[in-house]
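Protein chains: 2
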Amino acid sequence: MNNSRVYRASTFAPVNIAVIKYWGKRDAKLNLPTNSSLSVTLSQDHLRAHTTASCAASFDSDTLKLNGQQQDVSGSRIQSCLAELRRLRHAMEDADGSLPKLSDMKLHVVSENNFPTAAGLASSAAGFAALVRAIANLYELDASPTELSRIARQGSGSACRSLFGGYCAWDMGKAADGSDSVAYEVAPASHWPDMCALILVASADKKDVSSTAGMQQTVASSSLMEHRIKHVVPERMQEMEQAVRDRDFAAFADLTMRDSNNFHATCLDTCPPIFYMNDTSRAAVRVVEAINKAAGRPVCAYTFDAGPNAVVYHLASNRAAVAGVFKLILGGKPGWEGNQGATIGSTAAIPKGAEAAAGVLQAGVSRVILTAVGDGPRKTDQHLC
Amino acid sequence: MNNSRVYRASTFAPVNIAVIKYWGKRDAKLNLPTNSSLSVTLSQDHLRAHTTASCAASFDSDTLKLNGQQQDVSGSRIQSCLAELRRLRHAMEDADGSLPKLSDMKLHVVSENNFPTAAGLASSAAGFAALVRAIANLYELDASPTELSRIARQGSGSACRSLFGGYCAWDMGKAADGSDSVAYEVAPASHWPDMCALILVASADKKDVSSTAGMQQTVASSSLMEHRIKHVVPERMQEMEQAVRDRDFAAFADLTMRDSNNFHATCLDTCPPIFYMNDTSRAAVRVVEAINKAAGRPVCAYTFDAGPNAVVYHLASNRAAVAGVFKLILGGKPGWEGNQGATIGSTAAIPKGAEAAAGVLQAGVSRVILTAVGDGPRKTDQHLC
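In order, the protein sequence lines correspond to chains S and E. Residues in the first sequence are numbered consecutively from 1, following full-length UniProt numbering. Residues in the second sequence are numbered consecutively from 1, following full-length UniProt numbering.
So that you can see chain S by itself, here it is in the shape it has in the complex (with noise of 0.2 Å):
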């Protein structure tokens, strides 16, 4: 064995954005789910993470380097997904004596997103399924997206839900040990191509609570949580996955909105209570809901993650109709560059109702970033080191 040979694969994997939100865990450690939850996978040309996986005999230790920082890598989280991955080689090696012994090897992991870390916007889901994802094709496992999706989850949950394109499930499961808390293709992006994303980022400090810590204080202390979980989520669920199949984006757009608020309802009724939409969510919120009035049927949906950017989703053919009114009202911030947003026209008018509210988003929007449905995570030959 030469024990200068480095081993190398790297990846692109995509954010994922939830239209049926998953908020709590039934187990913490092994990254169980309360409820199941459906996202809709963003494109990698404007948001992901890039990772690159190396071994070497002469590595002396794991190690993991995210946006030029070198990290911890200790935790029981990213652990179990190495301990995974490497367990599955391991019985490739075992398999056949020929391949390299790359299970016994340290890992040496760079990543880099190409947004901001700390903006809301689940950098960790991008981050984890990009790890797993990477260190699948160093060892070129022979595992299907669905079953790296259960090791990508005990890193982050909602990383699962990024191992896929399009528009994808977690199923919560039910087995004790997680063998069943997987994600799943509802439909390929090319199924519902021309579902767009709008992203308002909001100068915001640094997030109230963490959404680990977060969702737990819900799940412990608020007296709503357990019948979102019961009652709300599994009819939803079923509601979403056919609106997807459907291409309904009427049905779409009302199970998003309703979500979003069931799930920062819980957080309100937490005790402490937490607040991830801020004053300028809810003027997205009103500016959403003027939209979709002067238009008389949905043409818009917003969303809000554990914290106060507003995704707001929309077919490509209602672009001018629902970008056109964000871009009047916040064509000077940065994000309208490029060519999606060059070809967007400001509309002549705020529609009514939303003047006071497109004050607040001027004062509150940092900058906006125009994207759209994608696919799942792309192997790639540029290695970071």
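Read the hints as simulated data drawn from the structure, not as lab findings. Take these hints with a grain of salt, some might be off.
No more than 30 Å apart at the CA atoms, straight line, and that leaves these computed lysine-lysine pairs for DSSO-like [to be verified]:
#1 K25/S - K230/E
#2 K174/S - K25/S
#3 K293/E - K25/S
#4 K230/S - K230/E
#5 K174/E - K230/S
#6 K25/E - K230/S
#7 K106/E - K293/E
Following the hints, position chain E against chain S.
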């Protein structure tokens, strides 16, 4: 009968601020609520409605003047109250032929609040309680506050609780005709006289959605509301009554904050969502939490009605620790003048963790009101005209 004789009676009536919230009607015509509620009546020294009811054979029509403006009296709410009071008077007149036939005369009602009507300070509760109490005085009705509460409830639901001082509950009742949906005294102010309230009046626009419209939207569309009604409130009502009976501030504070958050969570879960709390409200929450943390126990509790104003309950023994922090932050705002405010010294420092919230509060609060638990409606010889 002397046709020129004008009969007249006047009363003051207090504001009440609920700690278990009323939100939702099961019968909109009769103002029958979906759940019971419990409130603290605030002192009429600071916040009150003042109402004079007159009648005379020479009066042409029923009229109502509120803060100098003639109001429409054709609405079903006020008509229900007038009809019920006249019916009671009529029965007295039937039983005793010597009584003047006041029930046949038109009524002139004049009312003034000593605080801004639109400030979200339960003005309609005080107003309808005063109207009913003044006419009951005029008619010399032998009706208990609970009997009158059944009438006031038809004017404005929470008005029924302003017919009592101290700690007052409104039993939702079961009867279809609303006969058992009445207020009762949990404890008089003298039972727990050291309950104080500091109101932070937020400089807000007109409220988002009226509470009358908003609560019915919540009933119709919130997936969490039914759980609140059936499971959350019934248990909390019992616990809150017990906390009042035991003068247990820690339990009172915990229940008060949880129920405010639970109510606002159902507002957020409404479709479209209703936002009454804003960034100023949330800053008040964080300051209260920081004060309690610094004290090592709950010494104050926030609650928010259908608007952004915080009402901060605390005991007189903790006034220095609680109001002192708010005076340090908001000492430049109106409301600290007068006996109560002048005696409060600012604390030396803002409690740890509340520094950012203090800045938001400074920017968003327009005035403060220092008050305390108080007694029920007071008859007065000061007549308005």
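In rising order, the numbers of the hints this structure does not comply with: 7
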